[in-house]
Structures are given as structure tokens and as C-alpha cells.
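Colleague: Got chain A; can you put chain B on it based on the hints?
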Amino acid sequence: MADSKTGGAADAIDVAYVARLARLQLSTEEIETFQRQLNSIVDYFKAIREVDVDTVQPMAHAVRVQNIFRADEVRPGLDRELALANAPVHLDDQFSVPKIVE
Amino acid sequence: MNYDVTIGLEVHVQLKTRSKMFCSCSTAFGAEPNTQVCPVCLGYPGALPVMNGEAIRYTVMAGLMLGCKISAYSKFDRKNYFYPDMPKNYQISQYDMPLCLGGSVDIDVGGQAKTIRLTRIHLEEDVGKNMHFARTSGVDFNRAGVPLMEIVSEPDLTSPEEAQAYLVALKQILLYAGVSECNLEQGNLRCDVNCSLRPRGTTPLGTKAEIKNMNTFKGVFHAAHAEIRRQTELLAAGEKIRQETLRYDPDLDITVPMRSKEYAHDYRYFPEPDLLPVVLAPETIQAWADQLPELPRQRRERFVREYGLPEYDAQVLVADKVVADYFEETARQAGNPKAASNWVMTEMLRQLAAQELEIGQAKITPRALGELIRMAESQTINSNTARQVFGILFAEGGEPAQIVKERGWGQVSDSGVLEAAVDQVLAANAKSAADYRAGKKPALQFLVGQVMKVTRGKANPAMVQAMLEQKLV
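Chains as they are written, first to last, in my numbering: chain A, 3 to 104; chain B, 1344 to 1816.
Next up, chain A with everything else stripped away, as it sits in the complex (with noise of 0.2 angstroms):
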């Protein structure tokens, strides 16, 4: 899973960039602080590096349950006044966004 585009060291998480992939607007200051903050707990995360896992297969998850599956079959859902209600702004029974462009 290697990105060429993560910026830096791998091991790093570069804030303004993250933000921009994620459409944040932070501030200097606030970019600063979490770049604090985030490095932080990443050299945290590093002790794990102490532990020899050459014997381990990687999980994909942490219980070990595998194929939980559902039969298809088809339940209703919400009514569209429900799942609309909890929108800021919606507009001919669809979800209204900020203009988006192709």
C-alpha cells in the first residue's frame, strides 16, 4: 500500500496535504498543532516496531470470524422523508450539495 503522494518520510502523515485530499481548510497555526499532535501519536504507534512479527500473517481483522454473510433479500428501508429530514438543505427529493463540477 505504498503512495508515492503521502509526502515525506512513510512514516510521516503530512497534514496539509491530508487536509487538502479531504477538503479541509486549517490554518497554519492549526496545521502546525496536528502535525504536532499526529506525530506524536505515529511515534507512539512505533513501539510496535519491537515486536518480531516475521511468523505472523497480517489480519485483515481482529476477531478471528470469518464469512458473515446476508441472504438477498430485499427489506424496506427509509421513507424518503425520514432519510431527508436529517439533511441541512435538500431540493426535489434529493440531497442538496454545494454546486458540484465533473
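One or more hints might be untrue.
No farther apart than 27 angstroms at their CA atoms in a straight line, the calculated lysine-lysine pairs in the DSS-like style are these [what the hints assert, rightly or not]: (1) Lys-1774/B to Lys-1796/B; (2) Lys-1561/B to Lys-1457/B; (3) Lys-1796/B to Lys-1784/B; (4) Lys-1774/B to Lys-1814/B; (5) Lys-1561/B to Lys-1431/B; (6) Lys-1431/B to Lys-101/A; (7) Lys-101/A to Lys-1814/B; (8) Lys-1706/B to Lys-1748/B; (9) Lys-101/A to Lys-1359/B; (10) Lys-1472/B to Lys-101/A; (11) Lys-48/A to Lys-1422/B; (12) Lys-1457/B to Lys-1431/B; (13) Lys-1555/B to Lys-1431/B; (14) Lys-1551/B to Lys-1561/B; (15) Lys-1583/B to Lys-1514/B.
Keep in mind the hints are simulated off the structure, nothing from the lab. Computed from a predicted structure; not experimentally measured.
Modeller: Chain B only, in chain A's frame:
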């Protein structure tokens, strides 16, 4: 300079499940906006996805039909992006452990056979649909969460013609597999086209651009041509191709960059913690493999071998699975595959084409056509009558015997009835009978004609002739 073209396709196929991939909302097409939604597909906090087992089975069936290696262990991942067609801000997809790997599709372009390799098939959820208004955009989440199988090809296609042939062949196999309706009008099959050029004869692939979201095969064909033109002009002007995402404008017949996808290539995939891995035992995969139908190619070969049909006829019949199924059932009912093939290929396909119908829309059942064929073969009715009866069955349905009876079209082969008619004719035409006995052979045909007249054309002519010859010795 001349360039070699390289095309790879990512085809998104909507599986024919009744419910969505991770929740029980309906997948039915054409519902009012936001009427097939629930907390899961609307991305409410705390709502948990549960996999639709049928979607897994369909994907594996498609993989088996396409010769893929089925993964014993696969998992789902989150593909993160920020665009209001997904309420969760990620799409559940499969990143590094898809359900199927490898496989291939055989195509034929201009008599040239070629095998197009597949990279992988993974399963993911569809996104919502955006509508653009004057000052805002609207989102309909009915489609969000519908299971999509993404079939990724290797860059083995070298022309828009090959790309189109690949899509036609792939669709035929998916229809045979019975995993998707493949209805293009309803967006069941959508396609991203990766296209690059490189100087003729060189090996390293050029920088590729991706045309997003094509929903017709013709569209793919034209878009690929337009993109090849665009890249050729850029390269000729000494410019570099940028790796970017484009859309095709069919009115202007050009490809144009999509602004929204500028940063879209960094999806930061990570394992979906809300879903558990899929582990498929060899016995499970084998049980599904045992349910697989024949590939179109295998069926064509079998039609030639088993029914003694000419290669061309077999090819026409298997092109559409529903037609091939119809033919086989008709052949079984008629007990005569050659006659069944003739009727399906001539009368049936002609009428379908003339009235622009699918075979499923014709009122005539394989049982009725089988019976009609038996009646024609046993000469209960003559061939003209049989075609007339076919026309009625095609438009209105019903039972051939009933139609023939109601209209008094049956051919009379009852020797008692025929003998009475023959005796009547002989009594009324003593001179012709005498002429025949005296050696004037043509007189016999006159007498046969008279019997046909008396029976209003329904007498079995061969029986009448035999009967006259016997009586006039």
C-alpha cells in the same frame, strides 16, 4: 511519427442481486429518488454493513467463466475520496486481495483471433447519482451500495475495434454466466478506458490517460478514437501526455479533462474494519463451478457435434443465450434439431428483426413451435399452412393443433375420408379414368387435382395419388 495504441478497460458490471451489497435496500431500477435507502447506504454513524452472499457467489461464478484464479482469502478495503456521491466519504472496494485474479477473454476482429488477459475482478459498491441544478447539485442515493463487479483487463487491446469486440465478448460471457442483466440502458455495464500511445515498435508503454464512465460500447469506440487523436496531436507538437482523467463529449467528439478528479488518485486505501474476510473453501468453489453453464464457444461446438448443425447456424444460434436456450427447448419438443434450427433461424429471427422484438417477447412457446414442427414433418399440414400458423402463434400464442382445427386447415390423411372423395371423383370423371387406364398418364394428375378440389386442398396429395393408382389398375 506513427504510434502504437495500448488500451486497457475497467468494466463495472452491476450484479443481478435483488438487494444491495451491504444492506437490504432494493436494487430495482427507476425508483423515485432516495426511496431505496437506509442507514447503511446513507452512511449513518454506527450503521454496519453486512455482505450479500449472493454477490460474492456471482463474482466467483463470473471469475470461473472467465478462467480466473479464485482467491481462497480475500477482503474489503476503504477507498477514501471526497465527492458527494458517497455519503461515507469512502467507497467499500477491494484493494490488494480481490476475489478473482487473472483470466482472459477471447476476441475475434476481422478474422484475427486474440486472447485478452484479465488482471483481476473485484467487488465494490456503486455510488450515488448526482444531478446538477442551477446553483446547487442534488444527490440520489438509490444506487449507492448496489453491488458492482469491476473487471480489469491487461493493456492487451491495440485499437478501438478490439476494445469494442472485447466488450461484446465479455457481455456475452456474463449473460451466459447469468450474473448480470447487462442492460446498458439501465447502466448495468459501465466502463473506464485507459489509453496510451508509444512510438511504433518501441516497448515501454506511454503515459496513459483515463476516460471515465462510458456506458455504451459505441461510446467506448468513439471515445478511444477521439483520445488517440488528442494524444497523437499532443505528441506531434512535441508535448508530453499528462496522466489525467477525462470525460468524453459525444457532441463535439472530443475528450476533455475532468476538474473534479485532480487529486483523486490518492485514495489511501486501508482494510475495512466493519467487514470480515471472505474465505472460500475449495469445496465451495467446486460446488459453484459445477453449476456453471457452458461458455458460448463450447455451446457452439456442441451444437455442431450433437445436432449436426452447420458451423454458421450454430454461431447464429448461440450469439444470444436466450435464443440458444429457445432453440434447444424447441429441438427437444420437436424431436428434430435440424427442423428446429431452420424454423428458429428463418421464421423466428426474421419476424423478431421485422418487429424489433427480443425472443422473450414473442408469444410462441418452444412447446408450440415444437408441435408445429411435428405437424409439418408428419404432413398433418402443408408447409404454407405451417408458416401461416407460425405467424398466428408468434403474434397471439396458443396451440397449433387448435388453430389448425378452428380454421379447418388440417391436411386430411384419414384413408376412409380420402377413399370416399376418390370414389366420388372417379364416378364423376369416368372418361379421365378410362383415359388413364388406356395409358394416358397425365390423366392421373387431373384426377388428383379433382380430389384436392373436393377436399378444399386438405387431402394428403401423396395418399390420394397412391389410392388412385391402386384403384385404376
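Colleague: Compare the structure with each hint and give your call.
Modeller: Hint check results:
no.: 1; hint: Lys-1774/B to Lys-1796/B; result: holds (18 angstroms)
no.: 2; hint: Lys-1561/B to Lys-1457/B; result: holds (21 angstroms)
no.: 3; hint: Lys-1796/B to Lys-1784/B; result: holds (20 angstroms)
no.: 4; hint: Lys-1774/B to Lys-1814/B; result: holds (15 angstroms)
no.: 5; hint: Lys-1561/B to Lys-1431/B; result: violated (34 angstroms)
no.: 6; hint: Lys-1431/B to Lys-101/A; result: holds (19 angstroms)
no.: 7; hint: Lys-101/A to Lys-1814/B; result: violated (94 angstroms)
no.: 8; hint: Lys-1706/B to Lys-1748/B; result: holds (19 angstroms)
no.: 9; hint: Lys-101/A to Lys-1359/B; result: violated (33 angstroms)
no.: 10; hint: Lys-1472/B to Lys-101/A; result: holds (14 angstroms)
no.: 11; hint: Lys-48/A to Lys-1422/B; result: holds (25 angstroms)
no.: 12; hint: Lys-1457/B to Lys-1431/B; result: violated (42 angstroms)
no.: 13; hint: Lys-1555/B to Lys-1431/B; result: holds (22 angstroms)
no.: 14; hint: Lys-1551/B to Lys-1561/B; result: holds (21 angstroms)
no.: 15; hint: Lys-1583/B to Lys-1514/B; result: violated (35 angstroms)
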